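Undergrad: Residues per chain, in single letters:
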Amino acid sequence: MNHQAVTGAQHTVDLDFESFFREEHPRVFRLAYLLTGDRAEAADIAQEAMARVLERWDQVRTMGSPGGYLVRVAVHLHHRRLRRLRLRPREEIAGRAAVADGDPAAVAATRTDVMRVLLSLPAGQRQALVLTEWLGLDSAEAGRTLGIRPSSVRARVHRARSVFRDELGADYA
Amino acid sequence: MPDIRELLEREVAPLAPPEAWERVQRRAEQRRRRRRLGAAIVAVVVAVLGTAGVWLVANGLRERGPQPGSSGWDDGRIVYECPDPTTPAGQAIRPTLCIMRPDGSDRHTIVPTPSPGEAVPTSMSSPAWSPDGARLAFRASWDAACDRCFDLYVMDADGSNLRRVTVGGLNPIDPAWSPDGSWIAFDTGRGGGIMKVHPDGAGLTRLDPGVGANESDWWPSWSPDGTRIAFTRVDTATFGNDLLVMDADGRGARVAVSGSDVGGGQVYQPAWSPDGRLIAFAARGDGHHVSIWGWDAARALEGDPTNHPWQITASEPGNDMGPVWIDGGAQVAFIHEAGGRIVLEAVRVDRGGVTGAGGASPGPVPEGSPYRTTLATGFTGGYDQIPSAEYSFRPPPGGAAGACPEPGPAELVSCSTALQRAGIEDSGPQGASIDVRLVHGAIHPDGSVDPDDDRPVWAVTYRDVAASAGGATPQPARIDWEVDVDASSGAFLSEGVARTGARTG
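Chains as they are written, first to last, in our numbering: chain A, 596 to 768; chain B, 647 to 1151.
Be careful, since some hints might not be right.
[To be verified] Here chain B is said to cover these stretches of chain A; the calculated rule only asks that three of the stretch's residues, wherever they fall, bring their Cβ under 8 Å from a Cβ of chain B:
{"no.": "1", "region": "622-636"}
{"no.": "2", "region": "707-714"}
{"no.": "3", "region": "745-758"}
[Claimed, not checked] From the derived model, a few chain B residues whose C-beta atoms are all more than 10 Å from chain A:
{"no.": "4", "residue": "Pro777"}
{"no.": "5", "residue": "Asn965"}
{"no.": "6", "residue": "Gly1009"}
[Said to hold, decoys possible] Quick partial rundown of chain B residues pointing at chain A, CB under 8 Å, derived from the structure:
{"no.": "7", "residue": "Ile650"}
{"no.": "8", "residue": "Leu653"}
{"no.": "9", "residue": "Glu655"}
{"no.": "10", "residue": "Pro664"}
{"no.": "11", "residue": "Arg669"}
{"no.": "12", "residue": "Val670"}
{"no.": "13", "residue": "Arg679"}
{"no.": "14", "residue": "Ala735"}
{"no.": "15", "residue": "Ser772"}
{"no.": "16", "residue": "Trp775"}
{"no.": "17", "residue": "Gly849"}
{"no.": "18", "residue": "Leu850"}
{"no.": "19", "residue": "Arg945"}
{"no.": "20", "residue": "Ala946"}
{"no.": "21", "residue": "Leu947"}
These aren't lab readings, by the way, just hints derived from the structure by calculation. Predicted, not measured: the structure shown is a model, and the values here were computed from it. Even for Gly, the Cβ is constructed at its ideal location relative to N, Cα and C.
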């Protein structure tokens, strides 16, 4: 590992980060997958988020919840990705989607109903739903992560759950 | 059946990320190098521009003369949630309150000044202007380290005279001032109901004790006569939403608009028009997008059985939410959210539907429609810059005549400038009447507008100001000023020209 070559003080920091990395990297990757529905994008977001945490590890490691900071960075990166996609020409987006996902019909056939419904949600609702339902944040925590207030989180989750109920049946959501 | 958490967990449990340790190390090192390089470049640029900046301040600003809004005219303000720059490093950015002009200029953060012995509140959000435009009600935490220590506060718009109105962590959200400013209604995260309290903290009253175990009441909105409150009741068991109206003392709650009235969806955020006739609200119809709807409260109160809500905007592919009546009730402003971009827009609304320069819209107005006016952009908030949809318009100052049209959309700065160009430097005495509006079409001498000439112009009608200022009996004098403007930027393309009459005094 790279950390074996550095000095003693940094060595300690790197060891801490390595533990953090091993525990949190799979989780942030899965979080990014739920937000994007794309493994390549999820891997990229997870790596970039981890790199940003490592860059500021001296400060992050003293936080009450370094994992919470990592989640905020990942959500921020997801949001930036959405903005970049919106600014690109439609042809480029379509081409990228084709490369990343393959034939749309095949994708539709292979994606589960759950992911299909999840990805049909507006990004804000999807983020709120994943943060609260999968990650287990309460509306205040999710609101701080998303930069919106708790009632807005509740409203978004409410709408998202309604969509799940409508699409998958009344026993869901 | 599994719940959503289990469904999502099943999707991701088998997934393992690709090996990334080496890549993460390289990316982090690249970012460190870029940051060091960027800091060096900034230092050089600052050193070079330091001298030039002095020249710009000394010469550039002086040549530009008076800035919009500096003439004494209050052209409206928007208060909204924004990132708190004092958030300690490494912590999630907390919200605070900012103010800007309706065109997005002159943004600044409000710094509260608490009374002696009182802690500075943090995480300020959910702001609402008082009816006189002097004070703000908002939610804030008295303990930065506590997630559940939110109470209701009021302060002057400059941050002075801060007062904590409720005590005990009621978690108040969505404060709404009564029209006379004597009460503030809000919904509470503790118990899920609507309460009201005097701005001095007295008279705290629960208004909806009859709310069911699975119900929660949100988003109170006072009728302009102060006798009723509209709100949304959420059934947390069935996820149904209804818009209800109750008397201001909490009695007589009845459903005004149900979810089935909007295509089976939910209703949110009612807003009563200034004349009391209409209620605008946000609703998710049978699609998955939130739009703005209207409901004729007056017809309903008259018992008209044919009264149904009607859709004002078609929001897809985004969402329209947070309706607020502006411009004296002539327009509804709302947040349009699409792909994470937040824009404050407005449409002209009357009982017959959406109106515009080309007449009434045949149906709900979609994104990009000419019936929709962009008021402000660049709402930001939170760590990841996801904009906040929280905002509140300041009412006209004193409700006196002589104000620019309220709120004066993106055009408002131009409104102020129009008045300066017309030689009108202050609001004039009471009794003066000034009407400033953006119209499309040349103005005829009789005041009518030629629709065949669709140039955007400011029409300034100015009555009796000089005569009143001189103590004389107001005379029916009138001036219309026509100024060519760029409708998108509000920039003036020509000097104002008097079209009719002559300015008195």
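Undergrad: Would you mind marking each hint as holding or not holding in the structure?
TA: Against the structure, the hints come out as follows:
With 5 residues bearing a CB less than 8 Å from a CB of chain B, the region 622-636 of chain A meets the requirement of three and the coverage assertion stands. Closer than 8 Å: that is the beta-carbon criterion, and the region 707-714 of chain A has 4 residues meeting it against chain B, so the requirement of 3 holds. Here's how the region 745-758 of chain A fares: 9 of its residues keep a CB closer than 8 Å to some CB of chain B, so the rule of at least three is met and the hint holds. For Pro777(B), the requirement that its beta carbon stay farther than 10 Å from each beta carbon of chain A is met, with the minimum near 23 Å.
For Asn965(B), the non-interface assignment is contradicted: its Cβ lies about 7 Å from the closest Cβ of chain A, within the 10 Å cut-off. No beta-carbon of chain A is positioned within 10 Å of the beta-carbon of Gly1009(B); the least distance is around 23 Å. Contact between Ile650(B) and chain A, as hinted, is supported at the beta carbon level, the nearest pair being about 5 Å apart and thus within 8 Å. With a cut of 8 Å, the hint placing Leu653(B) at the interface with chain A holds, because the nearest CB-to-CB distance is about 5 Å.
Given the 8 Å rule on beta carbons, the hint for Glu655(B) holds: about 7 Å separates it from the nearest Cβ of chain A. Proximity of Pro664(B) to chain A holds as hinted, the smallest CB-CB distance being about 5 Å (cut-off 8 Å). For Arg669(B), the interface hint holds, the least distance from its beta-carbon to any beta-carbon of chain A being 5 Å, beneath 8 Å. Given the 8 Å rule on beta carbons, the hint for Val670(B) holds: about 4 Å separates it from the nearest Cβ of chain A.
The beta carbon of Arg679(B) is not positioned within 8 Å of any beta carbon in chain A (closest approach about 10 Å), and the interface hint is therefore violated. Nearest Cβ of chain A to the Cβ of Ala735(B): about 6 Å, under the 8 Å cut. The hint holds. Hint status for Ser772(B) relative to chain A: holds, with the closest Cβ pair at about 6 Å, below 8 Å. Because the smallest distance between the Cβ of Trp775(B) and any Cβ of chain A comes to about 18 Å, over 8 Å, the interface hint for this residue is violated.
For the restraint placing Gly849(B) at the interface with chain A, the shortest Cβ-Cβ distance is roughly 24 Å, beyond the 8 Å limit, so the hint is violated. Proximity of Leu850(B) to chain A is violated relative to the hint, the smallest CB-CB distance being about 20 Å (cut-off 8 Å). Residue-level restraint check for Arg945(B) is violated (minimum Cβ-Cβ distance to chain A is 28 Å; threshold 8 Å). Interface hint status for Ala946(B): violated, as the beta-carbon distance to the closest one in chain A is roughly 25 Å, over 8 Å.
The restraint placing Leu947(B) at the interface with chain A is violated, with a minimum CB-CB distance near 28 Å, outside the 8 Å limit.
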